[in-house]
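There are 2 protein chains.
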Amino acid sequence: MSCSTTLKAKGLKLTPQRRLIVDIIHDAGTYFTADKIIAYVQARMPGVHKSTIYRTLEILEDAGCVYKSELSDHQVYHHPEEGYHHHLVCSKCGKTIECDEDLFLPVERSLMEKYGFHVNFKHLVMSGLCQECREKDH
Amino acid sequence: MSCSTTLKAKGLKLTPQRRLIVDIIHDAGTYFTADKIIAYVQARMPGVHKSTIYRTLEILEDAGCVYKSELSDHQVYHHPEEGYHHHLVCSKCGKTIECDEDLFLPVERSLMEKYGFHVNFKHLVMSGLCQECREKDH
DNA sequence: ATTGCTATTACACCCAGGTGCAATTGTAAG
DNA sequence: CTTACAATTGCACCTGGGTGTAATAGCAAT
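Residue numbers (the numbering used here), protein chains in the order written: chain X, 1 to 138; chain Z, 1 to 138.
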């Protein structure tokens, strides 16, 4: 189901501002930080308030049209069709590595077994050191 | 090495403000949010500015005297001697469960093997649903 | 094409965390 | 016990993310 259809089905309106924000995220091949989205939107449609953008992003997230992750100190948005996976971000060079989510199934299982806790590991963003930076550093 | 000694060894001054902040964290058996620390400090020593407290906490973290974690939207500080462990926080009832860090060793290893990435999993704080809340919900 | 109702917007304002800077203070050396 | 100097403080101000609200605009029914 397309994003605009999903919105309509929920009784939500398809305003020009929303159309623009949806388009930007869908056209992105990768994830966008909130500030980037704000910059793009305001470049194409000056006067759009940042609170509108934050609220739209929240609505789109609730509707399942975009995914949000916390990357150390910012929020990051990406399109669901980009697939379910986590991101490894090198704290030295900033490089991003996509990471298969299956690697986390064992921990999820053991947290459940040991503590009865169902942890939410969707779209994890983790920081650390990539191979090159560790080698350079040695 | 005591915290004050560590500070002195780095050429840092032991001001009354710092002494107070250090004491508060060391006397805590558990973790403290930044706002709680600010409230405690300002109750005992009115006039201390929040930026001073944030700066002191950063210095103490760099010196290894306290550990910082990000808990969904706040920062959380705790004393190193509290031990290395992660926290599971229920997003429904707010309950906190301490979680053995050994559970994460397998993922750390597989991230290293598969991507050569050394992830920093110290003092993780994860949200999810605890057993009771899942049962109540069903 | 109007109307009416509800969702949405822009705005003003809030909050946590943080920075640059001039004035102040701890502390080591004389 | 001074002095000197760097470290620290409080302040003003900034930033990202977010909320309450009156005014506005989509959209469905007429």
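Derived from the structure by calculation, the hints contain no laboratory data.
Keep in mind that this is a model prediction, so the values were computed, not measured.
Fair warning: there could be bad hints in the mix.
Since the list gives no way to pick one copy over another, a pair counts as held whenever it fits inside one copy or between any two copies.
To be verified - Here are the simulated lysine-lysine pairs, DSBU-like style, with alpha carbons at most 30 Å apart: (1) Lys10 <-> Lys92; (2) Lys114 <-> Lys92; (3) Lys13 <-> Lys136; (4) Lys36 <-> Lys8; (5) Lys95 <-> Lys114; (6) Lys136 <-> Lys50; (7) Lys136 <-> Lys8; (8) Lys136 <-> Lys10; (9) Lys95 <-> Lys13; (10) Lys50 <-> Lys10; (11) Lys13 <-> Lys114; (12) Lys8 <-> Lys95; (13) Lys114 <-> Lys8; (14) Lys10 <-> Lys95; (15) Lys136 <-> Lys68.
Going down the list of hints, with the structure as the test:
1. Proximity of Lys10 and Lys92 under a CA criterion of 30 Å is satisfied inter-copy only: 25 Å between copies versus 43 Å inside one chain copy.
2. For the homomeric pair Lys114 and Lys92, the shortest alpha-carbon distance between copies (19 Å) is at most 30 Å, but the shortest distance inside one copy (35 Å) is not.
3. In this homomeric assembly, Lys13 and Lys136 never come within 30 Å of each other (Cα to Cα): the closest approach is 52 Å inside a single copy and 35 Å across copies.
4. When the C-alpha separation of Lys36 and Lys8 is checked against a cutoff of 30 Å, the pair qualifies only within one copy, where the shortest distance is 26 Å, while the shortest distance between copies is 43 Å.
5. Taking CA atoms no more than 30 Å apart as the test, Lys95 paired with Lys114 passes between copies only; the shortest distance there is 16 Å, against 34 Å inside one copy.
6. Taking the closest pair of Cα atoms, Lys136 and Lys50 never come within 30 Å of each other, the shortest separation being 40 Å inside a single copy and 38 Å across copies.
7. In the homo-oligomer, the alpha carbons of Lys136 and Lys8 never lie at most 30 Å apart, since the shortest distance is 52 Å inside one protomer and 32 Å across protomers.
8. Taking the closest pair of Cα atoms, Lys136 and Lys10 come within 30 Å of each other only across two copies (27 Å); inside a single copy the shortest separation is 52 Å, beyond that limit.
9. Taking identical chains as interchangeable, the C-alpha atoms of Lys95 and Lys13 are never at most 30 Å apart, the minima being 38 Å within one chain and 38 Å between chains.
10. Proximity of Lys50 to Lys10 under the C-alpha cut-off of 30 Å is restricted to the intra-copy arrangement: shortest distance 23 Å within a copy versus 43 Å between copies.
11. Within a single copy, Lys13 and Lys114 get their C-alpha atoms no closer than 45 Å, and across copies no closer than 45 Å, so neither meets the 30 Å cut-off.
12. Taking the closest pair of Cα atoms, Lys8 and Lys95 never come within 30 Å of each other, the shortest separation being 38 Å inside a single copy and 37 Å across copies.
13. When the C-alpha separation of Lys114 and Lys8 is checked against a cutoff of 30 Å, the pair qualifies neither within a copy, at 43 Å, nor between copies, at 42 Å.
14. Neither within a single protomer nor between protomers do Lys10 and Lys95 lie at most 30 Å apart by alpha-carbon distance, with minima of 38 Å and 33 Å respectively.
15. Taking the closest pair of Cα atoms, Lys136 and Lys68 come within 30 Å of each other only across two copies (27 Å); inside a single copy the shortest separation is 32 Å, beyond that limit.
Comparing the model with each numbered hint stated earlier shows that hints 3, 6, 7, 9, 11, 12, 13, 14 do not hold.
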